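Per full-length UniProt numbering, the sequence shown starts with residue 1, numbered consecutively.
Calculated directly from the structure, the hints in this document are not laboratory data.
The structure presented is a predicted model; accordingly, all values stated were derived computationally and were not measured.
Some hints here could point you the wrong way.
Lysine to aspartate or glutamate pairs mimicking EDC-like chemistry, simulated, CA-CA at most 16 Å apart [what the hints assert, rightly or not]:
id, residue 1, residue 2
1, K299, E237
2, K107, E237
3, K557, E518
4, K216, D277
5, K498, D511
6, K82, E123
7, K462, E407
8, K528, D562
9, K107, D21
10, K480, E499
11, K373, D317
Have a look at the derived ranges for each label pair, beta carbon to beta carbon [stated by the list, open to error]:
id, residue 1, residue 2, range
12, H285, R34, 47 to 55 Å
13, S70, D137, 39 to 47 Å
14, K216, L410, 53 to 61 Å
Idealized CB from N, CA, C, for every residue including glycine.
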Amino acid sequence: MDYNSINQTLRTLRNQQRKLDIETGIQYVTTLKRSILGSSELAKVSSLIVLAKAMQYLPKSDRLFSLFDSKLFSALFGVLAKANVAPEPYNAVLVICTSFLTGSLAKNRTASMYDSLLWTICESNSIFDSLASHLSDQNVGVSSTISDFISQILYRSFQLGDASIIIHEVKCLMECHFFDSISSLPYDFKAHMDSIPSLKKSSMLILHFLINSSLKSDVFSPLTNESIISMSRMMSECGSGEGKTSTRGEQSGLHNASIQNAATADYVKIGLDTSTDLPNYIQSHFTPACALDLIYMLKSPNMTFKKNFSEHTMFADQRTYFPLMRFAIAITNQLARIDTERYPGFSLVVPYFNSDLYYSFMSCALKFWMLSKAEDDDFDRVLKLVPTLVSYCDNILRSQPYYTLNERLLKLKYSDLKKFQLKQLESDKLTYWSSSLLSFNKELNKQVLEFVRNQRFFELSKGSWVYINNPLDSRPQQGKPVYYFLTLSSNNRSLVYKEFTRKHAHRPNIDKDGAIIEFKNVTRVDYKKKNEDFTAHNLITISSRLKVSQISMYTDKGSVFDFYVDTEGKLFSWLDGLRMLMDDNSALSKDTTNQIDILKDIRTKIQLLDLEDSQETEKLRQKPVPTFEPVELQQIASGFYFE
Numbered sequence: 001m002d003y004n005s006i007n008q009t010l011r012t013l014r015n016q017q018r019k020l021d022i023e024t025g026i027q028y029v030t031t032l033k034r035s036i037l038g039s040s041e042l043a044k045v046s047s048l049i050v051l052a053k054a055m056q057y058l059p060k061s062d063r064l065f066s067l068f069d070s071k072l073f074s075a076l077f078g079v080l081a082k083a084n085v086a087p088e089p090y091n092a093v094l095v096i097c098t099s100f101l102t103g104s105l106a107k108n109r110t111a112s113m114y115d116s117l118l119w120t121i122c123e124s125n126s127i128f129d130s131l132a133s134h135l136s137d138q139n140v141g142v143s144s145t146i147s148d149f150i151s152q153i154l155y156r157s158f159q160l161g162d163a164s165i166i167i168h169e170v171k172c173l174m175e176c177h178f179f180d181s182i183s184s185l186p187y188d189f190k191a192h193m194d195s196i197p198s199l200k201k202s203s204m205l206i207l208h209f210l211i212n213s214s215l216k217s218d219v220f221s222p223l224t225n226e227s228i229i230s231m232s233r234m235m236s237e238c239g240s241g242e243g244k245t246s247t248r249g250e251q252s253g254l255h256n257a258s259i260q261n262a263a264t265a266d267y268v269k270i271g272l273d274t275s276t277d278l279p280n281y282i283q284s285h286f287t288p289a290c291a292l293d294l295i296y297m298l299k300s301p302n303m304t305f306k307k308n309f310s311e312h313t314m315f316a317d318q319r320t321y322f323p324l325m326r327f328a329i330a331i332t333n334q335l336a337r338i339d340t341e342r343y344p345g346f347s348l349v350v351p352y353f354n355s356d357l358y359y360s361f362m363s364c365a366l367k368f369w370m371l372s373k374a375e376d377d378d379f380d381r382v383l384k385l386v387p388t389l390v391s392y393c394d395n396i397l398r399s400q401p402y403y404t405l406n407e408r409l410l411k412l413k414y415s416d417l418k419k420f421q422l423k424q425l426e427s428d429k430l431t432y433w434s435s436s437l438l439s440f441n442k443e444l445n446k447q448v449l450e451f452v453r454n455q456r457f458f459e460l461s462k463g464s465w466v467y468i469n470n471p472l473d474s475r476p477q478q479g480k481p482v483y484y485f486l487t488l489s490s491n492n493r494s495l496v497y498k499e500f501t502r503k504h505a506h507r508p509n510i511d512k513d514g515a516i517i518e519f520k521n522v523t524r525v526d527y528k529k530k531n532e533d534f535t536a537h538n539l540i541t542i543s544s545r546l547k548v549s550q551i552s553m554y555t556d557k558g559s560v561f562d563f564y565v566d567t568e569g570k571l572f573s574w575l576d577g578l579r580m581l582m583d584d585n586s587a588l589s590k591d592t593t594n595q596i597d598i599l600k601d602i603r604t605k606i607q608l609l610d611l612e613d614s615q616e617t618e619k620l621r622q623k624p625v626p627t628f629e630p631v632e633l634q635q636i637a638s639g640f641y642f643e
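Construct the complete structure from the given sequences, taking the supplied hints into account.
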């Protein structure tokens, strides 16, 4: 029996839709395992592919399950670690391992049933680099299998609860930037990967395990030492260690010596008191998740943060030093609790254990601290920008690919984020009060419209010179009237006009001898543009500079009164003014409509400043919106210039 005969049997089983019996299954797995562990490369590759097919036909059996031991997984992971592996055997290894981790083969479940794979993978660090690099191939099948494999590893590790395995796996994933790589895949590509939601759930379980663990536990104590070493190395590179940390790199393997040296270092420059015992501070305030984020952020080859930090420490003093440790904790916690219902842009992004995203957030925090000239007691104020930064990222991710995000964050200006924050506050407040502002908006709309109407009436009451005939047609005849002088009557109920042969330098008084058109007799007001279509755009003529329009007033008796204006300003003033006099606000010009919208927007923003609002966003979203009587809202909307 060899892999060829087994493969033939599997084809028959597929057609018959049957599974193997236990004894045959054990025989097949034993045979294929022997070939995989053997020296023949052809037999190994072929047996891998056949075993991957056989996984779906194997019955539940503890004896069969026990055949998948550390020796077999060591050989399987050896295939994953090789360079230039063909897609078929690579995918076959992932299918075998993932099927094993689903637990479909075992009849009786125990906490340690997956130890053979989980402990073996801790000895095969290079496979994580291989998995991350294969994501860039953008093969949906392979990427989905990789994602599912990592998801199963994390889930089974969480079930096992062995902190050393969990720490090792998370370190390997952060080292190879796995979560950044999978988040950077195109959105449409990720949308076809069914395994991403389960990957996020599994990684979230690991995250909660690490957040709820204490660094004071012996199993996590190496993270404390590693955090101190990374911090000391960074301060030394930035010229902030004052020579006290030079031996720390040499003693990176000596836990106690590193802690003793750290206790005497000058950590004022990372926002701590001179009396702070750094090891104790880290163990008391940091979680293992936060320590991992800080370690890999400080290990990053990107020098942006270190360059800015070095520049900052050169000119800062004890009151203005960047509180690096406090921000490190806050940003880990912020990225850990991103709600994809509130921030849907993160739905296919893994923001935790993502060293690149964490680095960008820490760089932004340092930038904002420096540019805002913050001091010790400003920490909470600057920290409020971090949730705003999450909203900013969400806004980008809704329309742009993730791989552009980190670069945009590193280039983000403090002033631009403050503008975004202001718009967000306005939007949140408007949303919060929207259900109670119906009568307020009605009153506001009425006031703004009345103000614009009065503005237009005032402009028309001053009068203006318009043409009797189209000025683009022919030269006017000598002695014949060319202009109308138009104005409103004192009661705004009629249009008064009079013909003139020329314009006067002063405003003529035509109240007594001018012709009158009663607005109550006007049925509609319309206009037509009269400019010619000038094709020679490189030629400038007097007529091409005129914006001539014909305004027509139609009366209920069938008569029409026409006049011509030569500027858009006069067109909008007369057209909108006359329509408003007729209480027709449905066809106002774009210019007037924009003015109304801007005034309403300004009034709304200013009025909302007077309304109570909670600074705690989550409580704000949960507490009931108070109701107001229309009279109260009208009082709020009073006292403005254009009432």
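Quick rundown of the hints versus the structure:
no. : hint                      : in the structure
1   : K299 <-> E237             : 12 Å, holds
2   : K107 <-> E237             : 56 Å, violated
3   : K557 <-> E518             : 12 Å, holds
4   : K216 <-> D277             : 14 Å, holds
5   : K498 <-> D511             : 10 Å, holds
6   : K82 <-> E123              : 15 Å, holds
7   : K462 <-> E407             : 57 Å, violated
8   : K528 <-> D562             : 11 Å, holds
9   : K107 <-> D21              : 14 Å, holds
10  : K480 <-> E499             : 9 Å, holds
11  : K373 <-> D317             : 11 Å, holds
12  : H285 <-> R34: 47 to 55 Å  : 54 Å, holds
13  : S70 <-> D137: 39 to 47 Å  : 29 Å, violated
14  : K216 <-> L410: 53 to 61 Å : 35 Å, violated
Checked against the numbered hints above, the structure violates hints 2, 7, 13, 14; every other hint is satisfied.
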